[in-house]
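Chains as they are written, first to last, in the numbering used here: chain A, 1 to 245; chain B, 1 to 68; chain C, 1 to 355.
Rather than coming from a laboratory, the hints here were simulated on the basis of the structure.
Source: prediction; values computed, not measured.
Any given hint could turn out to be false.
Claimed, not checked - With a Cα cut of at most 25 Å, we get these calculated DSS-like pairs of lysine-lysine:
(1) K23/B to K227/A
(2) K3/B to K6/A
(3) K3/B to K7/A
(4) K192/C to K152/C
(5) K202/C to K87/A
(6) K6/A to K24/B
(7) K7/A to K36/B
Said to hold, decoys possible - Chain B residues, not near chain A, derived (Cβ > 12 Å throughout):
(8) P22
(9) A51
(10) D61
Unchecked claim - Which residues of chain A face chain C? A partial, calculated answer using Cβ under 8 Å:
(11) G41
(12) Y58
(13) D64
(14) A75
(15) T78
(16) R82
(17) A83
(18) H108
(19) P183
(20) Q236
(21) L239
(22) G240
Glycine residues also receive a C-beta, built at the ideal position from the N, C-alpha and C atoms.
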Amino acid sequence: MAVVFKKSSMLTDLPTHYCPGCTHGIIHRLVAEVCEELNVGNKNIIGVAPVGCAVFAYNYFNCDMMEAAHGRAPAVATGIKRAHPDKIVFTYQGDGDLASIGAAEIVHAAARGEKITTIFVNNAIYGMTGGQMAPTSLVGQVTTTSPYGRQAESAGYPVKVSEMLSQLDGPAYIERVSVHSVPGIIAAKRAIKKAFAAQQEGKGFSLIEVLSTCPTNWGLTPKESLKWLEDNMIPQFPLGVYKEV
Amino acid sequence: MAKLKFYEDLCKGCGLCADVCPKKILRLAPSRINAKGYHPAECTDEGTCIACLSCARMCPDVVIEIER
Amino acid sequence: MAKKLMKGNEAIAEAAIQAGCRFFFGYPITPQNEIPEYMAKRMPQVGGCFVQAESEVSAINMVYGAAGAGARVMTSSSSPGISLKQEGISYAVGAELPMVVVNIVRGGPGLGSIQPAQSDYYQATRGGGHGDYRMLCYAPSSVQEAVDLMAKAFDAADEYRNPVMMLGDGMLGQIMEPVEMVSPREGALPEKTWAAGVPENKGRAVINSLFIDPIENERHNQLLEAKYQAMRERETLSESIGTQRAEVILVAYGTMARICERAARDAQKAIGAKVGLVRPVTVWPFPDDAIRQAAAQPSVKRVIAVEMSAGQMVDDVRIAVNGTKPVGFYGTTGGVVPTVQNILDHIQAALKEGN
Numbered sequence: 001m002a003v004v005f006k007k008s009s010m011l012t013d014l015p016t017h018y019c020p021g022c023t024h025g026i027i028h029r030l031v032a033e034v035c036e037e038l039n040v041g042n043k044n045i046i047g048v049a050p051v052g053c054a055v056f057a058y059n060y061f062n063c064d065m066m067e068a069a070h071g072r073a074p075a076v077a078t079g080i081k082r083a084h085p086d087k088i089v090f091t092y093q094g095d096g097d098l099a100s101i102g103a104a105e106i107v108h109a110a111a112r113g114e115k116i117t118t119i120f121v122n123n124a125i126y127g128m129t130g131g132q133m134a135p136t137s138l139v140g141q142v143t144t145t146s147p148y149g150r151q152a153e154s155a156g157y158p159v160k161v162s163e164m165l166s167q168l169d170g171p172a173y174i175e176r177v178s179v180h181s182v183p184g185i186i187a188a189k190r191a192i193k194k195a196f197a198a199q200q201e202g203k204g205f206s207l208i209e210v211l212s213t214c215p216t217n218w219g220l221t222p223k224e225s226l227k228w229l230e231d232n233m234i235p236q237f238p239l240g241v242y243k244e245v
Numbered sequence: 001m002a003k004l005k006f007y008e009d010l011c012k013g014c015g016l017c018a019d020v021c022p023k024k025i026l027r028l029a030p031s032r033i034n035a036k037g038y039h040p041a042e043c044t045d046e047g048t049c050i051a052c053l054s055c056a057r058m059c060p061d062v063v064i065e066i067e068r
Numbered sequence: 001m002a003k004k005l006m007k008g009n010e011a012i013a014e015a016a017i018q019a020g021c022r023f024f025f026g027y028p029i030t031p032q033n034e035i036p037e038y039m040a041k042r043m044p045q046v047g048g049c050f051v052q053a054e055s056e057v058s059a060i061n062m063v064y065g066a067a068g069a070g071a072r073v074m075t076s077s078s079s080p081g082i083s084l085k086q087e088g089i090s091y092a093v094g095a096e097l098p099m100v101v102v103n104i105v106r107g108g109p110g111l112g113s114i115q116p117a118q119s120d121y122y123q124a125t126r127g128g129g130h131g132d133y134r135m136l137c138y139a140p141s142s143v144q145e146a147v148d149l150m151a152k153a154f155d156a157a158d159e160y161r162n163p164v165m166m167l168g169d170g171m172l173g174q175i176m177e178p179v180e181m182v183s184p185r186e187g188a189l190p191e192k193t194w195a196a197g198v199p200e201n202k203g204r205a206v207i208n209s210l211f212i213d214p215i216e217n218e219r220h221n222q223l224l225e226a227k228y229q230a231m232r233e234r235e236t237l238s239e240s241i242g243t244q245r246a247e248v249i250l251v252a253y254g255t256m257a258r259i260c261e262r263a264a265r266d267a268q269k270a271i272g273a274k275v276g277l278v279r280p281v282t283v284w285p286f287p288d289d290a291i292r293q294a295a296a297q298p299s300v301k302r303v304i305a306v307e308m309s310a311g312q313m314v315d316d317v318r319i320a321v322n323g324t325k326p327v328g329f330y331g332t333t334g335g336v337v338p339t340v341q342n343i344l345d346h347i348q349a350a351l352k353e354g355n
């Protein structure tokens with residue numbers, strides 16, 4: 001008998017603080033496995049954690065990590081990659097971090113073709129701060145700051161990051177995936193692998209947008225959350241490859 | 001033939017593994033609770049497990065280790 | 001090295017390169033533009049890296065990343081840009097990251113003006129960002145001094161693992177003066193066993209300023225406080241000129257100190273009063289002792305803080321003098337630069353009023 005599924009060495013032993021059923025944990029595992037399979041060794045990978053639920057990612061990824069100010073991970077990663085062009089550099093960010101306060105940073109890192117990889121976890125809500133509306137919240141979605149449902153009239157429409165960034169010439173690979181199902185998870189890993197490969201080959205900027213759940217702040221069970229994602233988020237945020245150089 | 005190993009104290013009782021198991025042989029332990037106070041996932045009939053890895057892939061906390 | 005006529009901003013940039021700085025992240029803002037422009041030209045020539053960021057907020061975070069990766073790195077900006085960088089600076093202090101931040105101060109508040117000013121004193125010395133944090137802050141009064149202090153700034157940043165500020169102003173940045181450039185730094189840069197992606201770090205680097213457990217965060221704050229105390233004891237710099245048996249002690253820093261030095265020299269002849277000057281070279285740590293000693297002399301009737309602001313350093317002068325002598329203030333705002341005569345007139349009026 002051989003071990004066919006085991007925790008990656010790119011994850012530390014620390015149990016995560018994420019809520020039961022939150023798919024952040026799955027995405028952490030996928031990033032860790034892909035990094036491990038790059039065979040460059042943990043010492044040659046540097047990650048940047050955001051401010052958000054994943055702020056403690058610097059305790060979970062077993063490589064050199066930096067904690068960035070809210071929204072600034074792509075800038076921090078730029079500084080790192082310029083200092084260590086030979087290292088693999090990634091940012092792991094949520095939708096408030098990337099699409100709201102950090103919108104300028106991600107746009108310009110992409111436009112510069114910064115040779116970093118961004119894992120963008122889109123769960124259409126602010127998790128850590130208790131369920132406020134995010135730029136990716138759906139029209140009509142009830143959150144603590146859109147108690148009557150997101151009103152397009154006053155709060156506008158969801159930001160489509162993958163579509164937006166794919167208009168730029170700097171990105172080499174952009175794909176939107178989802179971890180709401182096992183096939184989705186398998187496809188997500190493949191996409192993350194391609195993104196890191198694009199970085200390794202020096203092709204330019206890469207970003208994988210991962211649709212993810214937030215059972216606690218969506219007010220749904222873990223299982224219902226996967227269904228809600230499939231029925232509501234995927235139509236708003238179509239999966240697929242948006243840029244491939 | 002497959003062998004499942006559950007790192008029980010990492011489990012948060014979210015039940016996603018049980019939902020995706022095609023053989024419906026996973027469940028949350030009805031009476032036992034782990035160190036965090038959750039009912040941990042367990043396998044009711046390892047003999048019929050086909051080691052498709054769905055449960056391990058779906059688990060957000062990497063609780064399940066599988067041998068085949 | 002022979003003297004060369006150089007513009008302040010460019011001399012500061014070249015001195016940084018001579019000090020071993022190989023990474024610069026900045027953004028355009030008058031009156032410091034020549035620094036990023038010069039770096040854009042020079043960095044590639046020395047195998048360094050220049051990036052113009054999309055904003056000062058982004059620039060300081062690029063500096064954070066490079067500093068955390070063990071690089072000798074700097075940024076420069078001017079007042080509004082430095083305001084945007086305050087959050088990043090607070091994070092850098094919390095994460096114990098070495099960097100040099102140059103502020104070529106302009107008139108404020110808001111868009112203000114592009115002329116020289118000293119109205120960022122509070123921001124520079126009291127911390128313009130959040131949390132209890134301090135920054136070693138040099139205030140050169142000539143292009144030569146700015147050049148000489150750059151190497152010191154980078155070494156101190158590395159030694160204390162804390163950002164260091166170089167506080168200039170529009171005049172210092174824009175004037176051209178004969179400068180003897182410093183020679184290139186010898187020897188390797190100090191090892192950074194804590195940094196990310198560096199061979200000398202055998203463990204796992206975690207560059208972070210979050211300590212969610214209050215006990216841990218307090219312990220971290222106490223560690224930072226110990227650093228500030230060490231800076232107070234070891235890094236305070238000032239210059240006292242003609243203060244012996246003076247009647248009036250002027251306190252001024254940066255280019256303001258040059259004007260005051262001239263006023264002090266002319267005072268005996270012009271207004272029949274012996275005037276001395278204490279010039280803080282570090283505005284943080286503030287040279288309390290030097291001012292206290294100068295003011296304590298029986299001959300001293302009055303201490304006057306002179307600033308291109310509405311009065312900010314004067315608070316520290318009052319703290320230093322601690323009520324032992326009257327402390328006055330003379331200042332100009334908005335980018336207006338006072339003349340030697342303005343200062344002499346003020347001293348004369350103050351003495352008359354005081355007696």
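Consistency of the hints with the structure:
1. Between the alpha carbons of K23/B and K227/A the distance comes to roughly 20 Å, so the proposed pair stays at or under 25 Å and holds.
2. Pair hint K3/B plus K6/A holds up; C-alpha atoms about 12 Å apart against a cutoff of 25 Å.
3. Restraint check: the Cα-Cα separation between K3/B and K7/A comes to about 15 Å, which is no more than 25 Å; the hinted pair holds.
4. A threshold of 25 Å between alpha carbons decides the hint, and for K192/C with K152/C the separation of about 18 Å falls inside it, so the pair holds.
5. Restraint check for K202/C and K87/A: the C-alpha separation of about 16 Å stays at or below 25 Å, so the hint holds.
6. Note on K6/A and K24/B: the hinted pairing holds, with a Cα-Cα distance of about 22 Å set against a maximum of 25 Å.
7. At roughly 20 Å between alpha-carbon atoms, K7/A and K36/B fall within 25 Å of each other, so this suggested pair holds.
8. Taking the minimum C-beta to C-beta distance to chain A, about 9 Å, the non-interface status of P22/B is violated against the 12 Å cut.
9. With 12 Å as the threshold on Cβ separation, the claim that A51/B sits away from chain A is violated: the shortest Cβ distance comes to roughly 6 Å.
10. With a least CB separation of 5 Å from chain A, D61/B falls inside the 12 Å interface cut-off, contrary to its annotation.
11. With 8 Å as the threshold, the beta carbon of G41/A stays out of range of chain C, its nearest partner Cβ sitting at about 12 Å, so the hint is violated.
12. Interface hint at Y58/A: satisfied, since its Cβ lies 5 Å from the closest Cβ of chain C, which is below the 8 Å cut-off.
13. With a cut of 8 Å, the hint placing D64/A at the interface with chain C holds, because the nearest CB-to-CB distance is about 4 Å.
14. Because the smallest distance between the Cβ of A75/A and any Cβ of chain C comes to about 4 Å, under 8 Å, the interface hint for this residue holds.
15. The interface hint given for T78/A holds, since its Cβ lies 5 Å from the closest Cβ of chain C, which is under the 8 Å cut-off.
16. Taking 8 Å as the C-beta cut-off, the interface hint given for R82/A holds, the closest approach to chain C being about 5 Å.
17. With a least beta-carbon distance of about 4 Å to chain C, the hint placing A83/A at the interface is held under the 8 Å criterion.
18. Taken as an interface hint, H108/A checks out: its beta carbon lies about 4 Å from the nearest beta carbon of chain C, inside 8 Å.
19. With its C-beta approaching chain C no nearer than about 34 Å, P183/A sits outside the 8 Å limit, and its interface hint is violated.
20. With a least beta-carbon distance of about 28 Å to chain C, the hint placing Q236/A at the interface is violated under the 8 Å criterion.
21. At a threshold of 8 Å, the smallest CB-CB gap from L239/A to chain C is about 29 Å, leaving the interface hint violated.
22. A hinted interface residue such as G240/A counts as satisfied when its beta carbon comes closer than 8 Å to some beta carbon of chain C; here the least separation is about 28 Å, so the hint is violated.
The structure does not agree with the numbered hints 8, 9, 10, 11, 19, 20, 21, 22 stated previously, though it agrees with the rest.
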